[in-house]
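Now for the letters of each chain:
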Amino acid sequence: MQLEQQLRDKLHKKDILLMTHIVLGYPSLEVNREVIKQMVENGVDCIEMQIPFSEPMADGPVILKANQDALAAGITVTDCFTFAAETVQKHDIPFLFMTYYNIIFKYGEEAFFKRASECGLKGFIVPDLPPEMGESFLALAEKYQLSPILIYAPTSTDARMQELATYGTGFIYCVARRGVTGKKSEFDQDFDSYLARCRASTTLPLAVGFGIQSKEDIEALKGKADMAVIGSRTIRLVESDGAEAVGPFIAGLR
Amino acid sequence: MDQKGFFGNWGGAYIPEVLHQTFQELKEEYARCRKDPDFWQEYLTLMSTYSCRPTPLTYAENLTRHFGGAHIYIKREDLNHTGAHKANNVMGQGLLVKRMGKKRVIAETGAGQHGMATATMAAKFGLDCTIYMGEEDVLRQRPNVFWMEKMGATVIPVKDGSRTLKDAINEAFRDWVTNVDDTHYVFGTACGPAPFPEMVAWFQSIIGIESAEQIMQYHGKMVARVYACVGGGSNAMGIFKRFLDEPNVELIGVEAAGHGANSGAHAIRLSSPDATPGVAQGYKTMFLQDEDGQMKHTHSVAAGLDYVGVSPILSDLWEKKRVRFESATDTEVMQALDITMKQEGIIPALESSHAFAGAFKEVGQLAKDEAIIINQSGRGDKDIFTIAHAFDDPSWKKFIIDRGMEYSK
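Order-wise, the sequence lines are chains R and U. Sequential numbering of the first sequence, starting at 5, is according to the numbering used here. Sequential numbering of the second sequence, starting at 15, is according to the numbering used here.
Treat the hints with care, as some may be off.
Below are the BS3-like pairs computed for lysine-lysine, each with C-alpha atoms no more than 25 Å apart in a straight line [stated by the list, open to error]:
| id | chain 1 | residue 1 | chain 2 | residue 2 |
| --- | --- | --- | --- | --- |
| 1 | R | 187 | U | 173 |
| 2 | U | 117 | U | 41 |
| 3 | R | 69 | U | 310 |
| 4 | R | 94 | R | 118 |
| 5 | R | 188 | U | 173 |
| 6 | U | 356 | U | 310 |
| 7 | U | 173 | R | 69 |
| 8 | R | 187 | U | 411 |
Where chain U lies over chain R, by a calculated footprint (3+ residues, C-beta under 8 Å) [said to hold, decoys possible]:
| id | stretch |
| --- | --- |
| 9 | 75-83 |
| 10 | 133-142 |
Looking from chain U toward chain R, a few residues come up when the C-beta cut is under 8 Å (computed) [unchecked claim]:
| id | residue |
| --- | --- |
| 11 | 18 |
| 12 | 292 |
| 13 | 308 |
It is worth saying that the hints were derived from the structure and are not from the lab. We put the beta carbon where it would ideally sit given N, CA and C, even for glycine.
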């Protein structure tokens, strides 16, 4: 089933969806496995799994360190695919890959799409691949029916948002603020008018990420966005309190 | 450069969406400057009054005699204000920043020369300035850190990854996506997302324009070869650009072979089979990376050449075989530096010494009525700690120990 439809079906039952982020191989695939289980059992609707990259330009200190530690521990792209295939089999929610373009480019674009499709993944988030640079990537997304998740930023003009929307499927990822992942965002009036601009430019569901940390943050997004993205927050939680703390945290968010 | 920022198969602009708008504005302002003859005139005036342009072309009579081949000329970018070619690019971008009305500049730096130049420009133009520098380079290039801070810049040591130039670039991008509204990223070399490679090469092209005029005046005909060291590639593009349309001028880029081309500890992107095509830091080029696309650690005695990627313009010229690429090891570089100091009383930077080492290997085989130009991209006195260490100089060591004891009292 297509990603957008899957999310819309879920939206009939919930007033806001939850997407979470894990860095594959950090601290280990073992722990990733347990964290994902806790996330799914406590109602997470969609999970983005990051294939680590040595130069994660758009990520803040928490995810940057997670990328570096996972690579130091020896994670490979092949490991990530094997893990993805196993995970998609086990859990009945959509899974995406998030990574930087070089990982895909080096693997071979078509080989990467083919393998991802075999694994049952639903789409890709690639923060350093604007559509201008992704002509063949977008064509392959269409061919393999995987969703290229396009990204909006507060600096995107209305015209730019409309342009981006023509390339995206599944949902649009709205970056809540300028900056990198993991820092707190202010959900003020400017933010509301930004989200209103996002909403006006596309019919796709809107996911909001970057700096969402608490039940209050998610409450504030209800009615304005379709999905909240929790990224660095659960990585920090696993670091401080272990994988078993993730379930109760997720359960307390909605 | 084509519409999408490519040079043949290389380049592009692989940037996060948050920077899209600011790149639009940068591209528009850059295009206006390219079309405006007053802009280039303002640039030339600034460079001749604030820096030392035109820089001399020095005839190296003793080196020429020593090697017994072609006449050796040295383009003296070391005599620029702040001691390297970096000022050419930085002052140009400074004029651009003034036009765009931004109040803050950031930059990455490897050897510290680009950071120095940016801190200087920021002081002169009244801009806030933050410099990102790999922690390892902060240790290697302490004197430059001192001067940057004295000129009012904030220097942030980058502790991620290999703690060198590429990590400083990542961190500068993280700053930029956070402070994009009031900040311009003064990219230091002819790499990164378009329009940086072409823009930086444009500002640096003044090196080659002057060199061509000077060589005609002193030597009476075109040179046979031009040598430049290649890290990111800005000094090389700067001197090569003017000669690209001179079919009889051979252009040679010298990369850092570190401990040797087969050692795994080098920074050779184009003259060894170790690098492969990739996309990182906003552009597509030949990168030193593993099979998964993870960047490898590089090594060079010269911080400014210690980098995983290379200018997409140079990758294109390499692919089209217009520029030949060679490399020089740390040891060969120290020898070239030693002989240049003793024969000519000139101290090239460790980066520039790679170009000297590359030229010295070949110049003896050229006819005596030919000439070559070596681009001395920077001065070596900034490297005093590294050079003294490499020469294992006893009197310098004693000085450091004595001074250390004095400070620890």
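Status of each hint after checking the structure:
{"no.": "1", "hint": "187/R with 173/U", "verdict": "holds (19 Å)"}
{"no.": "2", "hint": "117/U with 41/U", "verdict": "holds (18 Å)"}
{"no.": "3", "hint": "69/R with 310/U", "verdict": "holds (17 Å)"}
{"no.": "4", "hint": "94/R with 118/R", "verdict": "holds (20 Å)"}
{"no.": "5", "hint": "188/R with 173/U", "verdict": "holds (23 Å)"}
{"no.": "6", "hint": "356/U with 310/U", "verdict": "violated (37 Å)"}
{"no.": "7", "hint": "173/U with 69/R", "verdict": "holds (11 Å)"}
{"no.": "8", "hint": "187/R with 411/U", "verdict": "violated (46 Å)"}
{"no.": "9", "hint": "75-83", "verdict": "holds (count 3)"}
{"no.": "10", "hint": "133-142", "verdict": "holds (count 4)"}
{"no.": "11", "hint": "18", "verdict": "holds (6 Å)"}
{"no.": "12", "hint": "292", "verdict": "holds (5 Å)"}
{"no.": "13", "hint": "308", "verdict": "holds (4 Å)"}
Hint compliance for this structure: hints 6 and 8 are not met, and every other hint is.
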